[in-house]
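Sequence lines, in order, name chains Y and G. Positions in the first sequence are counted from 1; adding 32 to them yields this note's numbering. Positions in the second sequence are counted from 1; adding 32 to them yields this note's numbering.
One should not assume that every hint holds.
Under 10 Å between C-beta atoms, here's a sample of chain G residues computed to sit facing chain Y [as the list claims (entries may be wrong)]:
hint, residue
1, LEU95
2, ASP131
3, ASP133
4, TYR149
5, ALA159
6, PHE162
The hints are simulated quantities; they were obtained by calculation from the structure and are not laboratory data. No residue lacks a Cβ here, since even glycine has one placed at the ideal position from N, Cα and C.
2 protein chains.
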Amino acid sequence: MPVEAERQNETRRFFGRFFETAGAEAGLAHTPEPPYWAVIFSTRRDEQPGDQYDQTAQRMITLASQQPGFLGVETVHADIGITVSYWTDEESIAAWKRDADHAFAQYEGRTRWYDAYELRVARVERAHSFVRDGT
Amino acid sequence: MPVEAERQNETRRFFGRFFETAGAEAGLAHTPEPPYWAVIFSTRRDEQPGDQYDQTAQRMITLASQQPGFLGVETVHADIGITVSYWTDEESIAAWKRDADHAFAQYEGRTRWYDAYELRVARVERAHSFVRDGT
């Protein structure tokens, strides 16, 4: 199997833990009682064929999920993209950023990926969950 | 023009301020220097024909944007939905919640809309923006 395909499969298997959970709450992160931290990454893309964006975005999430302090992630892409990752503390976010910067550096195309983005680091103070009964 | 269509048009005009901005950063919220507050609303829907979800979701955003203390909103829906609204302070969020609860109460179907959701209130401590030069 080509290296790229194998890597994508690996990523997919890994993602299964977050995105393919059976049940109503698939795709939503299960986070502990606050306080904890959120990184809100909102993007407007400049899509280019073959720009490796999807693989790299997945790789970033995989990297995040392997970090100490990672609590979960929620991600949606349509006209804009929003990815929110959740963390136990600020130090975990800083460590992830160092790793992500390092990994990102191998993709020369990254500067072309976004027309604009907003990256916000926030401390979650309150949270409320709802899951439908019987699902 | 039927009331519903007129209301949707009004909503669309109103949304223009946030979602149809020309330029690269359309769809992203322009927020001031931190600190400010974010409400992260992540949802998994139970879609039903004619369930008035889209209109009501838009109505909620319109209501939010008319509140004192509202700074902006980013929203994406695909397999899950993520809507992040930004606020100057917690009191503004509380005032909006009271209004939203009141407006929501008229939609009996709302309890069927979601399979699951996570609502998180967070204080944004740091933020970083990027907008491509020349767009």
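Please name the hints from earlier in the document that this structure breaks, with their numbers sorted from lowest to highest.
Hint check: 1, 2 and 3 fail, others pass.
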